[in-house]
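Let's have the full structure, built from the sequences with the hints guiding it.
Residue numbers (my numbering), protein chains in the order written: chain G, 1 to 260; chain P, 261 to 711.
Hints may contain errors.
In silico contact screen, one side only, chain P against chain G (beta carbon under 7 Å); selected entries [stated by the list, open to error]:
{"#": "1", "residue": "A315"}
{"#": "2", "residue": "R319"}
{"#": "3", "residue": "D557"}
{"#": "4", "residue": "G704"}
{"#": "5", "residue": "P706"}
Covered stretches of chain G (chain P as the covering partner; in silico rule of three or more C-beta atoms under 8 Å from a C-beta of chain P) [to be verified]:
{"#": "6", "stretch": "179 to 189"}
{"#": "7", "stretch": "229 to 236"}
{"#": "8", "stretch": "241 to 254"}
Because the hints were derived from the structure by calculation, they are not lab data.
All residues carry an ideal CB built from backbone N, CA and C; glycine is no exception.
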Amino acid sequence: MLAGNLAEFPFPSLVGALMNAGRTGRLRITPLFLEAEVYLQGGQVVHAAVRTGGRSLEGEEALDLLVGLKRAPFAFEPEVLPPHATLLGGLAVPARLAQAQSAWEGLALPPDWGYALRLPREGKEVELGAESLGVLTQVEGKRIAEVLVAPGVLRLARVLHTLLQMGALEAVPKVDLPPTELLVLPIYGAGSGVAYVDEGLYGEWARAIRHAFRLKLLDKEVGIEVRPRPQIPGRLGLLEEDLRRLRLRRGDRVRVVPEV
Amino acid sequence: MDILALNEHLNRVVYGFPAKLVYLLVGIYLVVFQIRWFHAPLRMMRVTFSETFGALRERAYAFGGQITPYQATMVALSATLGTGHLLGMLSAVLLGGPGAVFWMWMGYFFGTGTKFAEATLAVHFRRRFADGSVSGGPMYYLSRGLPRLRFLGHLFAFFAAIAAFGIGNLSQAGAVGGALAPLGAPPALVGLFLALLVGVVLGGGIVWVARFAQVVVPLKLLLFLVAVGPLLILYGGQIPQALALVFQAAFTPEAALGGAAGYSLFAALNAGLGRGIFANEAGLGSAAIAHAQAQVDHPVRQGFWGVAEMLVSFLVTSLTALAFLASGLWRQGGGAAEAAQALFQSHPLGGVVLALTVAVFALGTMVSWGFYGEEAAAFLLGEGVRWPYRLAFATLAFVGPLGGLEAFLAISDTLNGLMALPNLLGLVLLGGVVGRLVYGFFRGEPWIPPR
Chain G
1 MLAGNLAEFP
11 FPSLVGALMN
21 AGRTGRLRIT
31 PLFLEAEVYL
41 QGGQVVHAAV
51 RTGGRSLEGE
61 EALDLLVGLK
71 RAPFAFEPEV
81 LPPHATLLGG
91 LAVPARLAQA
101 QSAWEGLALP
111 PDWGYALRLP
121 REGKEVELGA
131 ESLGVLTQVE
141 GKRIAEVLVA
151 PGVLRLARVL
161 HTLLQMGALE
171 AVPKVDLPPT
181 ELLVLPIYGA
191 GSGVAYVDEG
201 LYGEWARAIR
211 HAFRLKLLDK
221 EVGIEVRPRP
231 QIPGRLGLLE
241 EDLRRLRLRR
251 GDRVRVVPEV
Chain P
261 MDILALNEHL
271 NRVVYGFPAK
281 LVYLLVGIYL
291 VVFQIRWFHA
301 PLRMMRVTFS
311 ETFGALRERA
321 YAFGGQITPY
331 QATMVALSAT
341 LGTGHLLGML
351 SAVLLGGPGA
361 VFWMWMGYFF
371 GTGTKFAEAT
381 LAVHFRRRFA
391 DGSVSGGPMY
401 YLSRGLPRLR
411 FLGHLFAFFA
421 AIAAFGIGNL
431 SQAGAVGGAL
441 APLGAPPALV
451 GLFLALLVGV
461 VLGGGIVWVA
471 RFAQVVVPLK
481 LLLFLVAVGP
491 LLILYGGQIP
501 QALALVFQAA
511 FTPEAALGGA
521 AGYSLFAALN
531 AGLGRGIFAN
541 EAGLGSAAIA
551 HAQAQVDHPV
561 RQGFWGVAEM
571 LVSFLVTSLT
581 ALAFLASGLW
591 RQGGGAAEAA
601 QALFQSHPLG
611 GVVLALTVAV
621 FALGTMVSWG
631 FYGEEAAAFL
641 LGEGVRWPYR
651 LAFATLAFVG
661 PLGGLEAFLA
671 ISDTLNGLMA
681 LPNLLGLVLL
691 GGVVGRLVYG
701 FFRGEPWIPP
711 R
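Right, dumping it as C-alpha cells:
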C-alpha cells in the first residue's frame with residue numbers, strides 16, 4: 001500500500017503518478033477535520049469526494065479543494081472500486097488539476113485548515129466588497145475546512161485569502177482544552193499583566209495548541225499573558241499589582257483556560 | 261582534667277554570655293545587612309503574614325514532593341515548642357527579673373533573621389534524591405555552600421546526631437515521666453509507651469513525622485491556652501503593670517525593682533537573651549533540617565515560615581512570662597519547678613493541666629528531634645544507619661523516664677550548644693547567598709537550585 005504525506009508528495013503530482021501507472025483503487029486523504037477520497041480506474045480519475053461535518057463536495061469541486069491541501073496523510077488502497085462516477089476521466093482531470101494549482105499558488109491560507117476564523121481582537125477600519133462582506137458574515141467561529149467545503153471552492157479561497165490579508169479576519173487554532181483549577185500564588189516584583197503557571201502545565205498546553213496563547217481567568221473574564229515558571233504545580237503565579245487589580249489573594253481558587 | 265570537667269568547662273563556654281552575644285550579632289548582621297528587613301519593614305511584615313498565616317488555608321497543598329511548607333513548619337515547631345517555653349521561661353524571669361523578658365524579645369527579634377536564613381539556606385542547598393525525597397539542613401548547606409569548609413557540615417551532623425539522644429530524647433522522656441509521675445503513671449510504662457510511639461512515628465519517615473507534628477502542635481497550643489488562659493484572665497488586672505515593669509526593669513532593674521531584689525542589668529540581659537536564643541533554637545540549626553523538607557518554588561518562601569515559627573514561639577514564651585509576672589509569684593524566688601507549682605495552684609484545673617502540657621510539649625519535641633538526629637546520622641554514615649538509629653532512639657526513650665545517664669545527658673547538652681558553632685559561622689559566610697535569594701525573590705525571579 002502506498003502511503004505518505006502531501007507535504008512531501010503534492011496532490012497533483014500524486015494523482016498524476018497514479019494515472020501514469022494505470023492504477024485502480026482508492027486514494028484516501030485524511031487531514032484533521034476533513035475526509036477525502038479519490039477513485040481511479042485503469043489510470044482514470046472517476047470519482048472524488050470531500051466531507052466535513054454535514055457538508056460534502058464531489059467531482060471537480062472536490063479536486064479543486066484537494067489541490068489546495070498543503071499537508072495531509074494519504075494512503076492508496078489498490079483494487080477498491082468507486083461507489084459511482086462523478087468525473088469523466090481522460091485529459092479533463094489533469095487540466096483541471098493544473099488550473100486549480102495555478103489558482104492556489106497565488107493564495108496564502110494557513111496550512112492547517114483546522115484553524116478557526118474570527119474577527120480580529122483589535123479591529124481596524126477596512127473597506128469590503130459585497131462578496132467579501134457576504135463571506136465575512138458567515139465564517140465567524142468556523143474552521144477553514146468547513147468554510148471551503150462549499151460550492152465555489154476557489155472563489156471562497158480567494159475571498160478568505162483577501163480577508164485574511166486585509167486583517168478583516170484572523171485564523172487561529174481552535175482550542176478545546178478543559179479549564180484547570182489553580183491556587184493563586186503571589187509573585188513579588190515589579191510589573192503587571194503576566195501570569196505564571198508550572199512549566200509542566202505550560203508545556204502540555206503549548207503542545208496541544210502549537211500557537212501563541214494567553215490565559216483566560218474564567219471567573220474574572222480576564223485575559224492575561226502567561227509564562228512558564230519552574231516548581232509551581234497547581235499554582236497560578238500573579239504579580240502583586242495584578243492581585244490587587246483582580247481582587248485576588250493568596251490561596252484563592254481560580255479556573256483558567258488557555259485561549260489563542 | 262577528666263572528661264566531665266572538660267564538658268562542664270565547654271558547657272559554660274557554649275551557653276555563656278559571650279556566646280549569646282555572638283548569636284545576637286549574627287542575627288543583627290543577617291536582619292540588617294542581608295535580609296535588609298529595615299529596608300521596607302512594613303512590606304516585609306505584610307509579606308511574612310501573607311506567606312505564612314495567610315497561606316494556612318492551603319496547608320494541605322504542596323508544590324509536589326512529600327510534605328507541604330506548613331507541615332515542615334509543624335515539624336520544626338513541634339521540636340521548638342518544648343518545656344523551655346514553660347519552665348525555662350519561669351526560670352529566666354526568676355534569674356533575670358522582669359527585665360529579662362525585654363531582652364528575650366530582642367533575642368527573638370534578631371533570632372528571627374537567623375531562623376529565616378537557616379530555613380532559606382536549608383531549602384536552597386538541600387539534596388534531592390531520585391525517589392523525590394529530599395534531605396537538608398545545616399550539614400548540607402555547610403558542605404555544599406562552603407566546599408572548602410566541608411568539615412563544618414560533618415561537625416554539625418556529628419554534634420546533632422549525638423545531641424538528639426540526650427537533649428532531644430533522654431531529657432524530654434524524663435520530662436514526660438516527671439510530669440506524669442504525680443498522676444500515678446509508672447515510669448516503666450511511660451517509657452514503653454514513648455519507645456513504641458517514637459519507634460512507629462520515626463519508622464514512617466518524614467511523612468509520618470509531619471502527620472504527627474500536624475496533630476501534636478495544635479494540641480500543644482490548645483493545652484497551652486487551657487493552661488495559661490485562665491491565669492491571664494485571673495491576673496488580667498495586673499498585666500499592664502507587668503508589661504510596664506518589663507520595660508522599666510530592662511535597663512535599670514535596680515531602680516525599677518529596688519536594690520534589695522538583687523537583679524542587675526547583666527542578670528536580665530544574660531537570662532533574657534538566653535531564653536530569646538535557646539528557647540526558639542534559632543542559631544542551633546536544628547529547625548533547618550525540618551524546613552528543608554518543604555516543597556516550595558523558592559527557598560525564601562520557606563524562610564518566611566521560619567519567621568512564623570519564631571512568632572508562635574514568641575507568643576508562647578511571652579504569655580507564660582506575662583502570666584508569671586502578673587501573678588507576682590516571681591518575687592518569691594526559688595526554682596522554676598516550685599514556681600510553676602505555685603502558679604498553677606490558682607488554676608481551676610490545678611497541677612494536672614501543667615503536667616499534661618509539659619508532657620505533650622516534651623513528647624512533640626522528642627519525635628522531631630528523633631528525625632533531626634536521624635537525618636544527621638544518615639548524612640554522616642549513609643542511609644543504612646536510619647533503622648539502627650531509630651531503634652537506638654526508641655530504646656533511650658524507654659530509659660528516659662527511669663532516670664540515670666546524667667553524664668551522657670550533660671555531654672549531649674554541650675554538644676547541643678556546640679551545634680551552633682559551625683552553624684553560626686556558616687550563616688555568616690553564606691549570608692551573601694541569603695541576601696541574593698531575598699533580592700531575587702522580591703524581583704519575581706524564579707529560583708535556580710545550585711548544581
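Handout entry: Hints violated by the structure (numbers, ascending)
Key = 2
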